[in-house]
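K.L.:
Chain by chain, the residues run as shown.
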Amino acid sequence: MSKRIYITGIGMISAIGNNVPEILTSLEASKTGIGEITLFPTLHRGSLPMAEVKLSATQLLNLAGQNGSQQFTRTTLLGMVAAKEALKSAGIDAVDTWKTGLISATSVGGMDRTEHFYKEFLEDQSKGRLRDVINHDCGDSTERIAIELGINKLISTISTACSSSANTIIFGANLIRSGKAERVIAGGTDSVTKFTLNGFNTLMILDKRGCHPFDEHRAGLTLGEGAAYVVLESEEIVMKKGKQPLAELTGYGNANDAYHQTASSPDGTGPFLAMTKALKMSNLTPAEIDYINVHGTGTENNDLSEGIALERIFDPVPLFSSTKTYTGHTLGAAGAVEAVISILSIQNGMIFPNLQFSTPMKELNIRPVTEVLTGQNIRHVLSNSFGFGGNNSTLIISKPTYSS
Amino acid sequence: MGCISPQPTLDNKSFLEETVSVESSRMKAIGPNYKEFIPPEMVRRMGRIIKMGVAAAKTSLADAECQLPDAIITGTGLGCIEDTEKFLGNMIRNNEEFLTPTAFIQSTHNTVSAQIALLIKCHGYNFTYVHRGFSFETAILDSLMQIESGQAKSVLLGAADELTENSFQIQSRMGYWRQKPADNLKLFEHPTKGTVAGEGAAFFLLHEKKNSNTYAVLQDVEMLFRPDSPEEVISEIKLFLERNGLKESNIDLLVLGRNGDIRFDSIYDSVTETAFPGVPTCNFKHLCGEYMTASSFGVWMASRILKNQQIPDMLIIGKKPETLKHILLYNHYQGINHTLILLSQA
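The listed protein sequences correspond, in order, to chains A and B.
Here the first sequence stands for residues 0 to 403, where the numbers follow numbering that gives the first Met the number 0.
Here the second sequence stands for residues 0 to 345, where the numbers follow numbering that gives the first Met the number 0.
What the hints contain is simulated information worked out from the structure, not anything from laboratory work.
Nothing here was measured: the structure is a model prediction, and the numbers come from that model.
Positions of the beta carbon are idealized from the N, C-alpha and C atoms, including for glycine.
Accuracy of the hints is not assured; some may be wrong.
What the hints assert, rightly or not - With the C-beta cut set under 10 Å, the calculated list includes, among others, these residues of chain B facing chain A: (1) T101; (2) S106; (3) H108; (4) Q114; (5) I119; (6) R131; (7) S134; (8) S211; (9) N243; (10) L245.
Here chain A stands alone, though its shape is the one from the complex:
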């Protein structure tokens, strides 16, 4: 495929900052967003950490430029903040005549409010405020963000668990390549909820000390919340507008592990296939990848499977780290969150470390970057996102060769 896909804007909110500049500052300072649970009452407060956006519902409403008259879910508000920043960073004030779409991801949608509704509804089916459940479905946040941004064509939502927002970037790029769109705002948003916290807890994959990806003594992941979006634009827009793109999306691939609903295969089949597809599309050799932003959840199973797949493809494995040690695992937002961090690596010539690492895994011969590295010439970053249902996605993001 010949058409290039440029990334011309980024926006993000997470436990390490409410916008991209704040996030960069935290990344440079190795400052994690993982801490105590404060947002909602739960049995697990004090025993399980989380990476929360430290903003109350009202503060978040203000940041998203909304008043309280409409009922927005936390997922929607997080998404609005990041999507608006992405458009602003792309220098788009109002959506213009270019065919623009919004493809957003979420794993739980409006679950944060459904939990309130359901409590009363369970006792009496005529109880529970309907306005707390009407925004439950995944499409709700996307539509509200689209209305806020003034987008009325090509609106859709993807939910493939933890690879969801990497997949919005893949679908967005395909829309541009096929000519269906000229610009796509792609990314995802997820708020932390009691539902996901307890869900992952029943799987016994939440690390009480905060996640330690790729560490021999890792004991699980740490949940986070946030939203991130990238603005994908066609080569034509970039050339016509004489824009300086932030990065180029040079490759991507999605494959299915088809091994188990939640566990990854021991030989890393799905991750191997996703990375191989992405490399093939980008026409890059494994040796040309300068940095890998791994999925690296910190679960015993993921890191082993991903690590094995890395060793099968790369010799030697390039510099890599899991930035989930900063942001927590933001589920449906994770792919876009890590795409934004990968772009920050390219822009700033920096690699942000895998915090909380001490002991290499005995099955592997690799160890992640553990200190902030500066002055790096990062031309190509490979970013992995893997989800339940064996859904494996890889993005390759490159330093733009085009300059205005």
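Knowing the structure of chain A, use the given hints to seat chain B on it.
P.N.:
Chain B alone, transformed into the frame defined by chain A:
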């Protein structure tokens, strides 16, 4: 194709020769013996939407004599709500203690396409769209792009949504369903507020090449978000047909997403009377009920009509068309998600 719906639709040898009517605002899908499709130890644990999806998917693969598609692309409006409710209910009732993971694992929105991949060992591209009345249509768009770009030669495309007692109650309180239950087959005879709730799963094996078994050509799809007026829909239909080299007069049959709700059906009248005078129409929601991916049932029906080159008498409204080359499906969900799907004779 494989279709599980409130009608007996899974047997591809017959086509709506029998129809089921219920005196209720809720239509339940007729499930087959799932053990014929899924290993018994898995059937017990699976939520209903997963079983429906897997059985419909496997039926469509067998019908197409395809063992392994290159990609699996699905749409679902609400996903696995039975498992979501189960986990949420247990969590609240037991105050976050004594929970087991199965319902949580299966509550993930992509479980249907993931379970299909797992059962048939499909390592290919696997996407799930979850956007209200655009869920199935985005899956179509992606499927067509996968085939047109050469990334896939065959795609297993599908949609599934399930109705639970709780979701029925909640949506009933929102005013979606008829307060007075009436015979679903007479849904359009007494238009009133509310419609009948439905559910189902429909799967289609798309292939870049046609063969003697091919039902229809899935030409194109368009999604309109909150169009301002019937005029806007009409002009979008014009553009949509134009880009496929067609005019309104080339459409032999309209398949419409009418649901008998007076708040939502008038736009179907405006569009058909203005843009398609004299063109026969078929409705489908009196057979499958209303749900976010109900248009997948409409596509199943339109595909059968194109292959049989015949419209069942109970469905057709208007004069029998002389030819059956092009069918346009127009549907909208709650007046927000309007969609157009073009199907042609193979």
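K.L.:
Could you run down the list of hints and mark each one as holding or not?
P.N.:
Checked hints:
Of the supplied interface hints, the one on T101 (chain B) holds, with its beta-carbon coming within about 9 Å of a beta-carbon of chain A, less than 10 Å. The interface hint given for S106 (chain B) holds, since its Cβ lies 7 Å from the closest Cβ of chain A, which is under the 10 Å cut-off. Hint status for H108 (chain B) relative to chain A: holds, with the closest Cβ pair at about 4 Å, below 10 Å. Using the Cβ-Cβ criterion of 10 Å, the hint placing Q114 (chain B) at the interface with chain A is satisfied: the shortest such distance is roughly 7 Å.
The interface hint given for I119 (chain B) is met, as the beta carbon of that residue sits about 8 Å from the closest beta carbon of chain A, less than 10 Å. A least Cβ separation of about 4 Å between R131 (chain B) and chain A falls short of the 10 Å threshold, and the interface hint therefore holds. A cut of 10 Å between beta carbons decides the hint on S134 (chain B): the least distance to chain A is about 8 Å, and the hint holds. At about 30 Å, the closest approach between the beta carbon of S211 (chain B) and any beta carbon in chain A exceeds 10 Å, and the interface hint on this residue is violated.
With its C-beta approaching chain A no nearer than about 14 Å, N243 (chain B) sits outside the 10 Å limit, and its interface hint is violated. Hint on L245 (chain B) is violated. Least Cβ distance to chain A is approximately 19 Å, over the 10 Å limit.
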